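Peer 1: Each chain, written out:
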Amino acid sequence: MAVWLLKRFFPDKTGLYTQLGDIDEAFNTIAREKGNLAAQAWYWITTIRSIPYFIKNSIIWNTIMLKNYFKIALRNIVRQKQYSLINIIGLAVGMACCILIFVYVDYELSYDGYHPDAERIYRATMHFKIADRDFYRGSSPGPMAAALKRDYPEVDYACMVIPYNRILVEVEGNFFSEEHFLYVGNDFFNIWTIEFLAGGPGVIIDRPHTLLLTEDMSRKYFGSADPIGKTFQINQREYEISGIINNPPPNTHLQYHFLTSIYSYRTKPEEMTEWADCFSQTYLKLKPGVKGEDFKEKIRWIAHQHRGDYFKQRGWTYETVLEPIRSLHLHSRADAGNSMLMIYGISVIGFLILLIACLNFINMTTAGASIRAREVGIRKVIGARRSHLIFQFLGESLTLTAGAFLLAVGLTCGILPYFNQLIDRQFEAGRLLQPTSMVFMLLLVLLIGTLAGSYPAFFISRSAPASVLSKRSSAGSYKSFLRRIFVVVQFAIALILTVSTLTVFNQISFMKNQELGFDKEQKLILEVDFNNNHDSIKSEFLQHPDITGATASYHAPGVVYNSITTRFHEEESREVILNYYYLDPDFIPEYKIPMAAGRNFDKNLASDRGRSVILNETAVKLLGWSSPEKALGKIIESGGRGEEYNKTIIGVTKDFHYQGLQRPIGPLGMLYRSDYFGALTLTFKIENLPEILAFVKNKWSELHLGTIFSYSFLDENFDRLYAAEEKTGKIFTIFTFLALFLSCLGIFSLSSFVAARRTKEIGIRKVLGATVPKILGLISGEFVLLVMAANLIAWPVSYFVMRSWLGNFAYRIELTWTVFALAAFIGLLIALATVSYQSLKAALANPVDSLRYE
Amino acid sequence: MKLLSRTEELLLNSILRLEENAYAFMIREKLKEITGKTWAFGAIFISLDRLEKKRYVESFLGNETPERGGRRKRFYKVTSYGLKTLAEIRKIDQAMWKDLPVYLLEKE
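Those protein sequence lines, which keep their order, are chains A and B.
Just so you know, we're using the numbering used here here: the first sequence kicks off at 1 and counts up by one.
Just so you know, we're using the numbering used here here: the second sequence kicks off at 1 and counts up by one.
This is chain B alone, in the form it adopts within the complex:
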């Protein structure tokens, strides 16, 4: 298993959360919600491409809607491999944070 980058982790996380509605625009909104920052589309597209290449996610085309200038949506779905990876990361994360004493974080 490989470790994911933080961005990839965040992306996978939001795709998972969006369930059936995971396409770039919504992912961006979700990321904004989670991180509180506005993400550039470029960053999202590139990361999505990479995730797809590494087979963490798969994509399929949706329907056209007028508010998109007649262009179709590309929906993303986390693959089973992606899910597995995410689960493992979660385990590591939890292990990592579990016994970290809080006061260490609050120094100064």
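In isolation and in its complexed conformation, chain A is listed as follows:
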């Protein structure tokens, strides 16, 4: 240790450490005379005594130089106010952007990581294939959990979970609609990380119909009072509260507000034996050391082992998939979580924005550096080593970056609420203080500072002082070439984003304005509990003069409702899958859905109720008839086999978009079954909406149609189907603006730099008779060329990116040249507007002033 210290302190040019040798000899002498301990003590004392001198020396000289560096840096910043400001602001915006995106991505990647042994927790889900269609379900068969725990020693714990996302809670006669109500198996408490604030898991395991509340729910219903022992009415059953648990963190795929034992569910787990039914979720924790991949193979065909004959007979494959809990949010095919693609996309965009800002920064420091070549020369003459200069320049750019970073943090905190709104998350400024964010931000500063300072630090510091000082050095052509490339890259990025934004918005407006094949205007949707008396309820509402039509159905169009039922064509043994709508005879005329063949349901025909079916054209094609007319009168089986499942085709409608335009029109069957109704559609005249709503609400409570009055407008519901695309569009818009803004900052300072350097040239040109427009063209022309070049890069890239994005939509716009032309036009216009300020200033300047310069 002491030897190491001494080695550091003695600058020994020969590298032979003869001096250390002397000290060793003294050490040995002392050791011989007074003992080893004394010698060691002496060695240490000698070493330590030398430290203060060493430190004092280096501090004195370093502070003197640091003061000088700092002074020069400050002078430079002040002398070039405009450049420095652009530098710092541009960089701060880019960094703020990057920090926000990092916070977002970090959060998305952190899902379900709060379990200490998350890598051992898995969800078993099903991937089934029916009639050549793949289905990924987050759910799994009822007996799965029990079978896993019983038959496989690798499994430590396994439990089933049945989540209810909407449930009515009655407390002292008041109804509340609540979400995230979970029926959980006993092992849930061994798998999940749950902290009990009151009570414990024991009670709810032992006694069905007891309830655990989260902290938030307890506060909502009971304030600061003790809720233990109080009761809730849920599904006509009384639930006693037996404990309070902490709130689950927001970054988990399985949210819960209420937990109750699976034995509170209407069927006992022991009675759930059907392997073909998927309605519960299965979570398991493997024993330490068991590899998920190996175990996955082992349980892959577990459903077939139990119910193989049934699946075989129907030609289904029922494969079990094991998903690690941490991957559920981003990778699961079954959940509508966030996709990894989105994460990659947004990271790339963040990186690109930062790249633009960095290029600006590098550009401006290099431009400034050519002016400072002389300073470097003089420093070298005075005796600075190259390492000193590198240190100086890097330090300078790091300081500037750090300044920009502070501004960026301020900006981030300011934008955070808007950002939250945009991405639908609740981040607090405190997230920035997390270790991961801190490390990221530190790296960001170091990286940018080093990168931006690297050119002057490593290249200029190398130059020989004599050549720098003797010549009136001018910025070399190499540098301006580099600068041009930077501008091209920046604008290419900005243009790619512009094209993307335009395309996204085109697609959204296309989807919103597309003919859906039915009438979605002026439709009010109510959720109603019908008790088989939909006709009388409809007539009650029709009493209002402005309500012109009413129809009952299971769901209103727009709800992405995949009622998967298998279908059997009477002649062939071929199954297909149809979506089903349950509706009354008024539905088709009320929604103005055109018929392709046959007739609508008839209210007065008893045979129409449940025994007749209307298909859409896609379903007809899928079932193998060449025209709608040929399908009429044919009999199909649905839901099962045998006489009682037979239905006669009485009509065929034209295809209509009952789902969003992202999906192709699926095969659809419509049935008249009044016991399946849940939604009431009212057609109204627009004039007196508030009054109609008041009337509807009155009627609704008068007729006792349900516990919570909720209504929606169909056209709004349809617009909401495109919310995800709107969000993408918004994000793209913001980033496009940022990219354009930053690129413009870049060319603005660059053009002013160029104009300043060419003052004299312009003066002479003017004296020789050049006109103002010609000079404008001279300066702006170069930038126009650069933007054109950027277009050449941006077009193919954005074409491929946008084509793959549009591939997500079943109905999409064509990518036409107009979008690209428009983007190019926008880019050019903005670039010209930015540059023209500087070039106009230069062109209008009086040559007398510019030539008088020396």
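Hints listed in this document are in silico derivations from the structure and should not be mistaken for laboratory results.
Values in this document were obtained by computation on a predicted structure and should not be read as measured data.
Some hints could be false.
Stated by the list, open to error - The following label-pair restraints were derived from C-beta to C-beta distances:
{"hint": "1", "chain 1": "B", "residue 1": "Glu-52", "chain 2": "A", "residue 2": "Arg-757", "range": "48 to 54 Å"}
{"hint": "2", "chain 1": "B", "residue 1": "Ile-46", "chain 2": "A", "residue 2": "Ser-437", "range": "35 to 41 Å"}
{"hint": "3", "chain 1": "B", "residue 1": "Met-96", "chain 2": "A", "residue 2": "Val-381", "range": "41 to 47 Å"}
{"hint": "4", "chain 1": "A", "residue 1": "Gly-113", "chain 2": "B", "residue 2": "Asp-49", "range": "56 to 62 Å"}
As the list claims (entries may be wrong) - Derived lysine-lysine pairs resembling DSS-like cross-links, with alpha carbons at most 30 Å apart:
{"hint": "5", "chain 1": "A", "residue 1": "Lys-34", "chain 2": "B", "residue 2": "Lys-32"}
{"hint": "6", "chain 1": "B", "residue 1": "Lys-91", "chain 2": "A", "residue 2": "Lys-380"}
{"hint": "7", "chain 1": "A", "residue 1": "Lys-774", "chain 2": "A", "residue 2": "Lys-760"}
{"hint": "8", "chain 1": "A", "residue 1": "Lys-774", "chain 2": "B", "residue 2": "Lys-53"}
{"hint": "9", "chain 1": "A", "residue 1": "Lys-56", "chain 2": "A", "residue 2": "Lys-34"}
{"hint": "10", "chain 1": "A", "residue 1": "Lys-592", "chain 2": "A", "residue 2": "Lys-634"}
{"hint": "11", "chain 1": "A", "residue 1": "Lys-56", "chain 2": "B", "residue 2": "Lys-84"}
{"hint": "12", "chain 1": "A", "residue 1": "Lys-129", "chain 2": "A", "residue 2": "Lys-268"}
{"hint": "13", "chain 1": "A", "residue 1": "Lys-129", "chain 2": "A", "residue 2": "Lys-621"}
{"hint": "14", "chain 1": "B", "residue 1": "Lys-54", "chain 2": "A", "residue 2": "Lys-380"}
{"hint": "15", "chain 1": "A", "residue 1": "Lys-621", "chain 2": "A", "residue 2": "Lys-312"}
{"hint": "16", "chain 1": "A", "residue 1": "Lys-81", "chain 2": "A", "residue 2": "Lys-56"}
{"hint": "17", "chain 1": "A", "residue 1": "Lys-34", "chain 2": "B", "residue 2": "Lys-91"}
{"hint": "18", "chain 1": "A", "residue 1": "Lys-603", "chain 2": "A", "residue 2": "Lys-727"}
{"hint": "19", "chain 1": "A", "residue 1": "Lys-56", "chain 2": "B", "residue 2": "Lys-37"}
{"hint": "20", "chain 1": "A", "residue 1": "Lys-56", "chain 2": "A", "residue 2": "Lys-67"}
{"hint": "21", "chain 1": "B", "residue 1": "Lys-91", "chain 2": "A", "residue 2": "Lys-56"}
{"hint": "22", "chain 1": "B", "residue 1": "Lys-54", "chain 2": "B", "residue 2": "Lys-91"}
{"hint": "23", "chain 1": "A", "residue 1": "Lys-685", "chain 2": "A", "residue 2": "Lys-654"}
Heads up, the beta-carbon is just placed ideally off N, CA and C, and yes, glycines get one too.
Got chain A; can you put chain B on it based on the hints?
Peer 2: Then chain B, alone, in the frame of chain A:
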């Protein structure tokens, strides 16, 4: 000719006395003998460096010995310039002390 500092003078003196065996450790021992005080290695190294820079002494590397942890010795030798300087200093010293009456030193 420049006047040497007292430390430099002492160092040169001991190097001269040590003849063929003048390296830092021995110089330190010699100094201890002459002055009766223990010198810090740092002081010796720096002064030796300075003397070498001013070309009063020259140095060469010796062999490795086990008691030095395998490191070589750096031997010092007074240059002819150094000798000349030392001789001059001696002359000055002698001139300085020669006719100083002893009783002046023994006041009080």
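Peer 1: Taking the hints in turn, state whether each one holds.
Peer 2: Here is what the structure says about each hint:
Distance hint check: the CB atoms of B:Glu-52 and A:Arg-757 are about 53 Å apart, consistent with the given range 48 to 54 Å. The supplied range of 35 to 41 Å is broken by B:Ile-46 and A:Ser-437, whose beta-carbon atoms lie about 49 Å from each other. In this structure the supplied range 41 to 47 Å holds for B:Met-96 paired with A:Val-381, their Cβ-Cβ distance being about 45 Å. The supplied range of 56 to 62 Å is met by A:Gly-113 and B:Asp-49, whose beta-carbon atoms lie about 60 Å from each other.
For the hint linking A:Lys-34 to B:Lys-32, the alpha-carbon distance of about 17 Å falls within 30 Å, and the restraint holds. Only pairs whose Cα atoms come within 30 Å are accepted, and B:Lys-91 paired with A:Lys-380 is rejected, the gap being roughly 46 Å. Annotation: proposed proximity of A:Lys-774 to A:Lys-760 holds, straight-line Cα distance about 16 Å (limit 30 Å). About 67 Å separates the Cα atoms of A:Lys-774 and B:Lys-53, which puts this hinted pair outside 30 Å; it is violated.
Our distance criterion of 30 Å between C-alpha atoms is broken by A:Lys-56 and A:Lys-34, whose separation comes to about 33 Å. Using a Cα cut-off of 30 Å, the hinted pair A:Lys-592 and A:Lys-634 holds, with the two alpha carbons roughly 25 Å apart. Of the supplied pair hints, the one linking A:Lys-56 and B:Lys-84 is violated, its CA atoms being roughly 37 Å apart against a limit of 30 Å. Straight-line distance between C-alpha atoms of A:Lys-129 and A:Lys-268 comes to about 29 Å, which keeps the hinted pair within the 30 Å bound.
Distance restraint check for A:Lys-129 and A:Lys-621: the Cα-Cα separation of roughly 21 Å lies within the 30 Å cut-off, and the hinted pair is therefore satisfied. Taking the CA atoms of B:Lys-54 and A:Lys-380, the gap is about 26 Å. The hint holds against a cut of 30 Å. For a cut-off of 30 Å, the pair hint linking A:Lys-621 to A:Lys-312 stands: about 26 Å separates their Cα positions. As the CA atoms of A:Lys-81 and A:Lys-56 are separated by approximately 37 Å, the hinted pair breaks the 30 Å bound.
Between A:Lys-34 and B:Lys-91 the CA atoms are separated by roughly 42 Å; this puts the pair beyond 30 Å, and the hint is violated. At roughly 44 Å between alpha-carbon atoms, A:Lys-603 and A:Lys-727 are farther apart than 30 Å, so this suggested pair is violated. Annotation: proposed proximity of A:Lys-56 to B:Lys-37 holds, straight-line Cα distance about 26 Å (limit 30 Å). Between the alpha carbons of A:Lys-56 and A:Lys-67 the distance comes to roughly 16 Å, so the proposed pair stays at or under 30 Å and holds.
With a CA separation close to 40 Å, the supplied pair B:Lys-91 and A:Lys-56 exceeds the 30 Å bound. Among the hinted pairs, B:Lys-54 with B:Lys-91 is consistent with the structure: their alpha-carbon atoms are about 21 Å apart, no more than 30 Å. Only pairs whose Cα atoms come within 30 Å are accepted, and A:Lys-685 paired with A:Lys-654 is accepted, the gap being roughly 26 Å.
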